[in-house]
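> Protein chains in written order, with the working numbering: chain D, 1 to 286; chain Y, 1 to 314.
Bear in mind the hints are in silico, worked out from the structure with no lab data behind them. Note that the structure is predicted; figures quoted are calculated from it, not measured. Built from N, CA and C at the ideal position, the CB exists for glycine as well. Heads up, a few of these hints could be off.
[Claimed, not checked] A few chain D residues that don't get close to chain Y, going by computed Cβ distances all over 10 Å:
| # | residue |
| --- | --- |
| 1 | Val-24 |
| 2 | Phe-42 |
| 3 | Leu-81 |
| 4 | Pro-109 |
| 5 | Gly-161 |
| 6 | Leu-211 |
| 7 | Gly-223 |
| 8 | Ile-224 |
| 9 | Gly-226 |
[What the hints assert, rightly or not] To spell it out: a stretch of chain Y is covered by chain D in this simulated footprint if at least three of its residues, at any positions, have a beta carbon under 8 Å from a beta carbon of chain D; those stretches are:
| # | region |
| --- | --- |
| 10 | 97 to 104 |
| 11 | 254 to 261 |
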Amino acid sequence: MAVYERAWRPYAGAVTPVRGRFLVVTRYALAEAFSSRLFTAFYAACFLPSLLGLFLIYISHNLGLLEQLGLTRELMGGLTLTFFRILFLWQAVPAFFLMAILAPSLIAPDLANSALPLYLSRPIDRRDYVLGKLAVLFLVVSPPTWVMGLALFLLQASEEGAGWGLRNWRIALAYVVGHLVWIVVISLLGLAISAWVRFRPAALGALFALLFVLSAFGSAINGITGTSIGDVAHLIRAIASVVQHLFGAPTSSGMPVLVNWCTLAAVALLSVLVLYRKLRAHEVVR
Amino acid sequence: MNPDTISLRDASKFYGEVLGVNRITLDLKPGLTGLVGPNGSGKSTLMHLLTGLLRPTRGEVSVLGVPPADAERLFRIVGYCTQYDSFPAGATGLSFLRHALALHGQAAAEAEKRSWEMLAAVGLTDSARRRIAGYSKGMRQRIKLAHALCHSPRVLVLDEPLNGLDPMGRAEMIHLFQELAAEGRFVIVSSHILHEVDAICDAVVMVHGGSVVAEGQIRAVRGEITSQPIQVLVRCDRPQAIAARAFTLDHVVEAKLVDDGASVLIRTRDADAFYASLTDMIIESGVTVETVLPADESVDAVYGYLIGQPGVPT
């Protein structure tokens, strides 16, 4: 019989708090994402709409420059709801492409390489893993969307003086809540699809296809029934209507906003369920 | 549950209607334990149960008193090496280990230092900054082992860790396993290569059809198989003389001269009685004995007796 001394010593140093451990997944995924120059260049381009908005806000409050350009304060004075709604759209479209590119690259390679057991045989669980990957999308997409939007709103409010910000509080609400809803829904959908198909290019294609198929399906139902019932499945219209409602503008959906919220919640919930089913440390082949 | 052993109590795992493992009760102690069985026998399921990657459908699992559901506590004491060549895309050897240590909560400087130590331990210092995708099979096995070991776990669960290693690499790894076991760790190694398990392990767990068919030290397991006579090989200058005398003993069922002309293989139902008589036989016949070896106290032979598949299962 072998005799073993207990010479083994565990690691006795300090450790980081467990609650924030998912950020390790985020940190490494971020580094991997920005190792691509093409992605980094596209990311920089996503700030252009916001920078253009910044320029317009600046110029509209610089009377000297307006005079030199031969413009009037009235011409540039229309930086109100419409300006911010258009800017929102210009931010949201590149943000969608950003998420569509990034989300499939976060999970699909890990699953394709059977790397999930490596994560899950560490002190993190599936929830931390998904949270870590979601945090990547949140951290990447937030700056060119709601962070810049809120900054522009605050700049405009400070330039216009007291009262403007309070009168137009819905703009700030729409930027923060609207973009966050956009980020959460598309991120979860992108992660779920990539967990399902496990192949990055296919996941990217499937994300686009699903959005278009759902929208086309919704429109077809509307056309056949002559009602707006198909808007329940129309994901793009649901998001648009929610954002329009947040801005206090008329919505493009024929369904009440609550139904649009329910559509988005259902898509998010289904995505979470798919992630729960597909992200397993161990796959059983029957 | 005992905080000094790895315990499974009536643990079963079913994948729907498919059986993974069935009603396994085990107590593993420190040292090198070999987990052997053919493909689909339930070895990997058993390892996944021990590492919390699977939850038992029924029964209980405890690793040094820690339930596998408690990932934070469990993975402080458990290191797992998967049999798959699975790595995060784009990882280098160094980043792979740093990442693992960061997930364990180690600060960046500490993780960096420990990563280099582990890379040195498995002989991959020169390849630390190369992408793992470019590593050879043997290098990938070694980085996986470093990954399992880097946080200094007391329990190491290694799924087919010797696959793909060249003879030199195997010898180095086996030496490392023995060193780790000698420190009082639990080193659980699964393998198809029975003679290797036989050579390195203190105890074995034999799995077949999702059930444990035997466990313990191989000699003790062999002693329990009373239906099969024990084989003893006697190498001497006059094997015929030993064979003739062996035939006079009631418990000897066969004495076979080996083709080399210098050995006789005795099959007996009572090994202790045979060993007791052997001294007398040697003295009375005046032969010069070179070696006396148990011929079937090996994992290979025991496995064959228990499962009915002599030879190495693959």
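> Taking the hints in turn, state whether each one holds.
Structure-based check of all given hints:
Non-interface status of D:Val-24 relative to chain Y is broken: a Cβ of that chain comes within 10 Å, the nearest being about 4 Å off. D:Phe-42, annotated as away from the interface, keeps every beta carbon of chain Y farther than 10 Å; the closest lies near 19 Å. Against chain Y, the non-interface label of D:Leu-81 holds: every CB pair exceeds 10 Å, the least being about 45 Å. A Cβ of chain Y approaches the Cβ of D:Pro-109 within 10 Å, the least distance being about 4 Å, so the stated non-interface status is violated.
With a cut of 10 Å on Cβ distances, D:Gly-161 stays outside the contact zone with chain Y, its closest approach being about 47 Å. Distance to chain Y confirms D:Leu-211 as a non-interface residue, since its nearest Cβ pair spans about 26 Å, more than 10 Å. Every beta carbon of chain Y lies more than 10 Å from that of D:Gly-223, the smallest distance being close to 42 Å; the non-interface claim holds. With 10 Å as the threshold on Cβ separation, the claim that D:Ile-224 sits away from chain Y holds: the shortest Cβ distance comes to roughly 40 Å.
Under the 10 Å C-beta cut-off, the non-interface status given to D:Gly-226 relative to chain Y holds; the minimum distance is some 46 Å. With 5 residues bearing a CB less than 8 Å from a CB of chain D, the region 97 to 104 of chain Y meets the requirement of three and the coverage assertion stands. As drawn, the region 254 to 261 of chain Y meets chain D at 0 residues by the rule of a beta-carbon pair under 8 Å; below three, the given contact is violated.
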